[in-house]
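Undergrad: Next come the chains, spelled out residue by residue.
There are 2 protein chains.
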Amino acid sequence: MPTDLRRPQRTYTIRQLCLEFKCTPRALRFYEDKGLLTPARDGMNRVYSYKDRARLKLILQGKRVGLSLAEIGEILDLYDLDDGGAAQMAKSLRKFKERIVALESQREDIDRAIQELRAGCDNLERKLIATRPDLLPRAADYDQMLRQRLDGLEHVGAK
Amino acid sequence: MPTDLRRPQRTYTIRQLCLEFKCTPRALRFYEDKGLLTPARDGMNRVYSYKDRARLKLILQGKRVGLSLAEIGEILDLYDLDDGGAAQMAKSLRKFKERIVALESQREDIDRAIQELRAGCDNLERKLIATRPDLLPRAADYDQMLRQRLDGLEHVGAK
DNA sequence: CCTCGTCTTGACGTTAACGTAAGATGCCGC
DNA sequence: GCGGCATCTTACGTTAACGTCAAGACGAGG
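Chains as they are written, first to last, in our numbering: chain A, 1 to 159; chain B, 1001 to 1159.
Certain hints may be false.
Computed cross-link-like contacts, SDA-like style, restricted to lysine to any residue with a CA-CA straight-line distance of at most 20 Å [what the hints assert, rightly or not]:
{"#": "1", "chain 1": "A", "residue 1": "K127", "chain 2": "B", "residue 2": "K1095"}
{"#": "2", "chain 1": "B", "residue 1": "K1095", "chain 2": "A", "residue 2": "K22"}
{"#": "3", "chain 1": "B", "residue 1": "K1063", "chain 2": "B", "residue 2": "A1113"}
{"#": "4", "chain 1": "B", "residue 1": "K1095", "chain 2": "A", "residue 2": "F30"}
{"#": "5", "chain 1": "B", "residue 1": "K1063", "chain 2": "A", "residue 2": "S105"}
{"#": "6", "chain 1": "B", "residue 1": "K1091", "chain 2": "B", "residue 2": "N1123"}
{"#": "7", "chain 1": "A", "residue 1": "K127", "chain 2": "B", "residue 2": "L1076"}
{"#": "8", "chain 1": "B", "residue 1": "K1063", "chain 2": "A", "residue 2": "R112"}
{"#": "9", "chain 1": "B", "residue 1": "K1095", "chain 2": "A", "residue 2": "N123"}
{"#": "10", "chain 1": "B", "residue 1": "K1095", "chain 2": "A", "residue 2": "E125"}
{"#": "11", "chain 1": "A", "residue 1": "K91", "chain 2": "B", "residue 2": "A1130"}
{"#": "12", "chain 1": "B", "residue 1": "K1091", "chain 2": "A", "residue 2": "K22"}
{"#": "13", "chain 1": "B", "residue 1": "K1091", "chain 2": "A", "residue 2": "E116"}
{"#": "14", "chain 1": "A", "residue 1": "K91", "chain 2": "B", "residue 2": "R1138"}
{"#": "15", "chain 1": "A", "residue 1": "K91", "chain 2": "B", "residue 2": "L1076"}
{"#": "16", "chain 1": "A", "residue 1": "K57", "chain 2": "B", "residue 2": "N1123"}
{"#": "17", "chain 1": "B", "residue 1": "K1091", "chain 2": "A", "residue 2": "K91"}
{"#": "18", "chain 1": "B", "residue 1": "K1095", "chain 2": "B", "residue 2": "I1114"}
{"#": "19", "chain 1": "B", "residue 1": "K1091", "chain 2": "B", "residue 2": "A1113"}
{"#": "20", "chain 1": "A", "residue 1": "K22", "chain 2": "A", "residue 2": "K91"}
{"#": "21", "chain 1": "A", "residue 1": "K91", "chain 2": "B", "residue 2": "A1113"}
{"#": "22", "chain 1": "A", "residue 1": "K95", "chain 2": "A", "residue 2": "L76"}
{"#": "23", "chain 1": "A", "residue 1": "K97", "chain 2": "B", "residue 2": "E1116"}
{"#": "24", "chain 1": "B", "residue 1": "K1057", "chain 2": "A", "residue 2": "Q115"}
{"#": "25", "chain 1": "A", "residue 1": "K91", "chain 2": "B", "residue 2": "I1129"}
{"#": "26", "chain 1": "B", "residue 1": "K1091", "chain 2": "A", "residue 2": "K63"}
{"#": "27", "chain 1": "A", "residue 1": "K63", "chain 2": "B", "residue 2": "I1114"}
{"#": "28", "chain 1": "B", "residue 1": "K1091", "chain 2": "A", "residue 2": "D134"}
{"#": "29", "chain 1": "B", "residue 1": "K1095", "chain 2": "A", "residue 2": "D109"}
{"#": "30", "chain 1": "A", "residue 1": "K97", "chain 2": "B", "residue 2": "E1108"}
{"#": "31", "chain 1": "B", "residue 1": "K1091", "chain 2": "A", "residue 2": "L128"}
{"#": "32", "chain 1": "B", "residue 1": "K1063", "chain 2": "A", "residue 2": "D111"}
{"#": "33", "chain 1": "B", "residue 1": "K1057", "chain 2": "B", "residue 2": "T1024"}
{"#": "34", "chain 1": "A", "residue 1": "K97", "chain 2": "B", "residue 2": "L1136"}
{"#": "35", "chain 1": "B", "residue 1": "K1097", "chain 2": "A", "residue 2": "A119"}
Computed list of chain B residues with no C-beta within reach of chain A, every gap over 10 Å [stated by the list, open to error]:
{"#": "36", "residue": "L1069"}
{"#": "37", "residue": "E1071"}
{"#": "38", "residue": "E1074"}
Just so you know, these hints were derived from the structure itself, not from any lab.
Backbone N, C-alpha and C fix where the C-beta goes; we use that ideal spot for every residue, glycine too.
Model the full assembly from the supplied sequences, consistent with the hints where possible.
TA: What follows is the structure in structure tokens.
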């Protein structure tokens, strides 16, 4: 049986966690500065426990859904108070719902902006067709644009 | 006939434009610093022409759809080259379409985040129902939240 | 002993779009 | 001549989440 890298007794160096979660040492130290992580020490060196790893995971999840580090910190703090987890869960629930409301509002803003832009595009296209149809972007150019955009991202899967 | 505040010969003080478009003098000076506006002067004082007003309008429209001042500047510069407006329109069109693509991608991110959050909420609610149903937010609390949120926004229509 | 690689702690830099004084000028009416 | 108001320039402050050095400590290997 191979060593289970995630068994609860395991510890991690800063680099190991960074590799696993694709972040930088600087980021982890930053989270520590902000009180979101408090790894043990071996001499000078940070030693992350399985619990630290779990907290980091939550931090990154929170970031993905757009929570600020401050908000994530509030939630995490409640894990430590820990009245069995209930208060923490209740607060997380509130935070989550607030975030959903905020995100939905953001989405409306975006939809409005897209509509404005579409209207602007229609206008411009009409005018260009009338005066300089040669300047209109063609489908081929658009494909090119998309390809370039994709090349810019994710060189991971490109080997 | 009342004076038409928008007739092309009119000029504007900084404050007049700020009142009309609900922005601050600091913002207009900032745009000027960035080369987006170049009002005339009467002694020390800025004098905005009808054209300046039109540019400002475009700047604010651009901001609403999430363009950066730098991008807005690129578009505005082309108004000055002015090969009849065609090149400018073509570039604006490109910028607009790029922005639409970016916004649509952003919206997908938001939708994903909302899904994650909804899943998290479901989880938390299930657990709370099982252990501490008294901590569950009730509909009344949610209404309260919404009302507070709305009070915070838009005191405009409230007279 | 020297070098390599990984780790550490500072501490300043970055980005965007202004906000916020501080201190000076200038015009208006009284 | 003076208070009051609008305007001006200059320049540092703000926010978030790190990035980017710099300089030093430590063990392993040759």
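Undergrad: Work down the list of hints and note, for each, if the structure agrees.
TA: Evaluation of the provided hints:
no., hint, verdict
1, A:K127 <-> B:K1095, "holds (16 Å)"
2, B:K1095 <-> A:K22, "violated (32 Å)"
3, B:K1063 <-> B:A1113, "violated (25 Å)"
4, B:K1095 <-> A:F30, "violated (36 Å)"
5, B:K1063 <-> A:S105, "holds (18 Å)"
6, B:K1091 <-> B:N1123, "violated (48 Å)"
7, A:K127 <-> B:L1076, "holds (18 Å)"
8, B:K1063 <-> A:R112, "holds (13 Å)"
9, B:K1095 <-> A:N123, "holds (14 Å)"
10, B:K1095 <-> A:E125, "holds (13 Å)"
11, A:K91 <-> B:A1130, "holds (16 Å)"
12, B:K1091 <-> A:K22, "violated (37 Å)"
13, B:K1091 <-> A:E116, "holds (17 Å)"
14, A:K91 <-> B:R1138, "holds (14 Å)"
15, A:K91 <-> B:L1076, "violated (47 Å)"
16, A:K57 <-> B:N1123, "holds (17 Å)"
17, B:K1091 <-> A:K91, "violated (48 Å)"
18, B:K1095 <-> B:I1114, "violated (28 Å)"
19, B:K1091 <-> B:A1113, "violated (33 Å)"
20, A:K22 <-> A:K91, "violated (28 Å)"
21, A:K91 <-> B:A1113, "holds (18 Å)"
22, A:K95 <-> A:L76, "holds (12 Å)"
23, A:K97 <-> B:E1116, "holds (11 Å)"
24, B:K1057 <-> A:Q115, "holds (18 Å)"
25, A:K91 <-> B:I1129, "holds (14 Å)"
26, B:K1091 <-> A:K63, "violated (35 Å)"
27, A:K63 <-> B:I1114, "holds (13 Å)"
28, B:K1091 <-> A:D134, "holds (13 Å)"
29, B:K1095 <-> A:D109, "holds (19 Å)"
30, A:K97 <-> B:E1108, "holds (19 Å)"
31, B:K1091 <-> A:L128, "holds (11 Å)"
32, B:K1063 <-> A:D111, "holds (15 Å)"
33, B:K1057 <-> B:T1024, "holds (14 Å)"
34, A:K97 <-> B:L1136, "holds (12 Å)"
35, B:K1097 <-> A:A119, "holds (11 Å)"
36, L1069, "holds (16 Å)"
37, E1071, "holds (12 Å)"
38, E1074, "holds (15 Å)"
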